[in-house]
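Chains as they are written, first to last, in the working numbering: chain A, 159 to 570; chain B, 159 to 570.
I should point out that these hints are in silico values taken from the structure, not numbers from a laboratory. It cannot be assumed that every hint is accurate.
The list treats identical chains as interchangeable, and a pair is accepted whether it falls inside one copy or across any two copies.
Heads up, simulated SDA-like pairs for lysine to any residue below, C-alpha to C-alpha not over 20 Å straight-line [as the list claims (entries may be wrong)]:
| no. | residue 1 | residue 2 |
| --- | --- | --- |
| 1 | Lys523 | Thr566 |
| 2 | Lys450 | Ile489 |
| 3 | Lys507 | Pro315 |
| 4 | Lys227 | Thr160 |
| 5 | Lys450 | Asp189 |
| 6 | Lys443 | Asp512 |
| 7 | Lys419 | Pro289 |
| 8 | Lys443 | Pro509 |
| 9 | Lys419 | Tyr496 |
| 10 | Lys172 | Gln185 |
| 11 | Lys172 | Thr160 |
| 12 | Lys507 | Val485 |
| 13 | Lys330 | Glu178 |
| 14 | Lys523 | Ala560 |
| 15 | Lys227 | Arg163 |
These numbers come from a predicted model, not from an experiment.
Protein chains: 2
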Amino acid sequence: MTAQRDEANRLALKNLTQAEPVLVDVQRASDVVPGMTRHTILTSGPALAWSEITGIQRQAIVHAVLYEKLATTTAEAEALLDAGDVRVEPTQPHGCVGVSTGVYTASMPVYVVENRTGGNRAFCHMLEGNPPRLFVNGAWGDDVVERLRFVDQVLAPTLAEVIRRSGGIPLKPIMRRAIPMGDELHTRNDAATLLFTSTILPVLLDIVGERQDEVRSTIQFLQATPFSFMRMGVAAAKAALDAAHGIEGSSMVTGMIHSTKEFAIRVSGLGDRWFCGPHPEFQGKFFWGSSKEDVGWAGGESSVMETVGLGGFAQAAAFALPFRGPVDQMIERNLRMYDITLGENPEFKIPYFDRGLPVGIDIFKVIETGIRPVLNAVVIRRDGEGVAGVGPLVTAIEPFQAAAAAYTERYG
Amino acid sequence: MTAQRDEANRLALKNLTQAEPVLVDVQRASDVVPGMTRHTILTSGPALAWSEITGIQRQAIVHAVLYEKLATTTAEAEALLDAGDVRVEPTQPHGCVGVSTGVYTASMPVYVVENRTGGNRAFCHMLEGNPPRLFVNGAWGDDVVERLRFVDQVLAPTLAEVIRRSGGIPLKPIMRRAIPMGDELHTRNDAATLLFTSTILPVLLDIVGERQDEVRSTIQFLQATPFSFMRMGVAAAKAALDAAHGIEGSSMVTGMIHSTKEFAIRVSGLGDRWFCGPHPEFQGKFFWGSSKEDVGWAGGESSVMETVGLGGFAQAAAFALPFRGPVDQMIERNLRMYDITLGENPEFKIPYFDRGLPVGIDIFKVIETGIRPVLNAVVIRRDGEGVAGVGPLVTAIEPFQAAAAAYTERYG
């Protein structure tokens, strides 16, 4: 059995690391995301009934109904949701990655990333701006709607034009160069966003004559929001993970996601089941004015980055992370990730280690070593007013235990 | 005396670290460099008689006479130089920094950097392209002239226009952001060049309508030659060093330069004398096909970067340097530089250390500790065919000994 499992894991890891994610378009979710309708709202985490969704994740879904003009009041919106006339579905089965609450509506533009190796696609909604007041973190108001409209009417069509004229933008070369420039590509994307801007520059020049204002606003936005690339990065990660999912006998993790309620993982050889458990333990730092009491678990699936061996698995590439702990701790934490992974990324290297990034979390290595994956993340304020803190989240062991039990049951 | 020296050094260090270098223009050397004439050629290193200059430095000067059309054959050019009809002068007294052989002619465009704190200016000739065949490294031929012409006719006027329209481009914010992105700003400038391009982008958009081809070629050049920023960086360093020079009683080093013949330093409180000694010891790596025997000391003054606490003094910020040694060695070498410097840069930080960069080399600290400054550098092939190797150069102790003796003689 172990030989078969090793063989399956080798294939899963290969599909993961050999994915060639290319940003091929920006389109409205309803035009490109499979199964997306005007009355569908997607949200982060494993499937939950509407009644189980609480806090800012619930809040953001209500705002989504208003944004989509399916209702004009909060009460009306809630009634539609209660009645199931607006359906809330998890992002993942739609090929989407939810950032924070992860709320998508039909009209929202999404990045479309194609894995040229596997032929599959993944999607991510676009960044609206910088914190504090983001729709995706539960904020609502005219300012929030204005930013969403800018994305809808300026940023999305301009980038769509640029991407189409480019014939697609390969994301791996950008990621490969960004890591030695201090990005772990989850909570730091400064270099990747600059590199993306630099990549599209020639095409921006082609269209600036016809679209002066749009091109200028797009550049301004990319310069002002260095997290921009993350939305492309998570779609690239999801495309790679989906290509590595469904390998019979593989014990490799192909997803780690959160809802307001819980944390969950999925395993390549264990079908579409999500193994749930408690939220991770936050070991980062709170910003001034925020404390443990202010945290509202927003949900969030940007931990797809750690699932492909970035973020917390690449933090020794990102000593310039703000609010980080001591470097020795970052290095040690990062080194431990080699003990729970199946291999080293042949293309993405950590300069400090002079080694490929640890990639491909094996549920059995987690169980045997007791070492839990570390996620770099921000935690969100429960009042929808932005970010409470930033730093490592140490995942719970329960989902890995549940997955290992299911694996043993299935494969003996 | 020590109290007075300390006070003088504090002032010198302050002038150095509080310099505010702004790129204000690109102009022909003869239009902006003080004392530059059509029959002047500048070159790297302390003053040497024409007859003392050998190797590729001599070669590049002969090429310069040809480039400037003062002669049509090598023999003619040499005759002019021998007769003193074309005068060879050192760059430094003209406020210039020579990269490699450091050859400037009257018509060549230079970056003009103004130190807004001190009111002084410094200059650097522009990068022609990537190795191997660069004029500045002693190469000659139609291909070399073609690249120089591109700089002269496309790159320089386009950047001049951009810089003037911008009202000057402050360089410190670019440098401050580039260091946590893996640049030590001497042998790695990838992030700084990207950030510079990003900074000038809005103005490039303003002028692209009138200058389609020039703008596109400029962007292409900046994207293809990630060393571009270095030429602005060394001018910024020189402007800061000149502002820190001439402080009565200061034992701080305000220049480290090379000619084909020797290495030399200058000290803030010791006037315009250069204290000379043997070339540094190369401890880096040779590229495939090159060895010790292929090295021709080209001269070079990009070690102004180490003099302001960058390059070898910032290598723990640049673990992604190609052909670097083990990280532990980089860290240890970098830490040692704190033992020979007067302070830590309040604005430029090394993420790994979480400390300001070591800055302000004190000749007495060098003598007392026996620790010699480490320069990151490339070494050049004697045949003019490019770069032989890259890595640390450990400077000789003699110039520091000579300076200390002169200091004691002068100040007791």
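Consistency of the hints with the structure:
1. Lys523 to Thr566: within (14 Å within a copy, 66 Å between copies)
2. Lys450 to Ile489: neither (26 Å within a copy, 37 Å between copies)
3. Lys507 to Pro315: Close neither inside one copy (34 Å) nor across copies (39 Å); limit 20 Å.
4. Lys227 to Thr160: The answer is neither: 54 Å in one copy and 76 Å across copies each exceed 20 Å.
5. Lys450 to Asp189: neither (40 Å within a copy, 63 Å between copies)
6. Lys443 to Asp512: The answer is between: 17 Å across copies meets 20 Å, while 29 Å in one copy does not.
7. Lys419 to Pro289: neither (23 Å within a copy, 57 Å between copies)
8. Lys443 to Pro509: between (26 Å within a copy, 18 Å between copies)
9. Lys419 to Tyr496: neither (29 Å within a copy, 50 Å between copies)
10. Lys172 to Gln185: neither (30 Å within a copy, 54 Å between copies)
11. Lys172 to Thr160: within (18 Å within a copy, 65 Å between copies)
12. Lys507 to Val485: both (18 Å within a copy, 14 Å between copies)
13. Lys330 to Glu178: This pair counts as within: shortest intra-copy Cα distance 7 Å, inter-copy 37 Å.
14. Lys523 to Ala560: within (14 Å within a copy, 62 Å between copies)
15. Lys227 to Arg163: Classified as neither; 50 Å inside a copy, 73 Å across copies.
When the structure is compared with the earlier hints, violations turn up for hints 2, 3, 4, 5, 7, 9, 10 and 15 and for no others.
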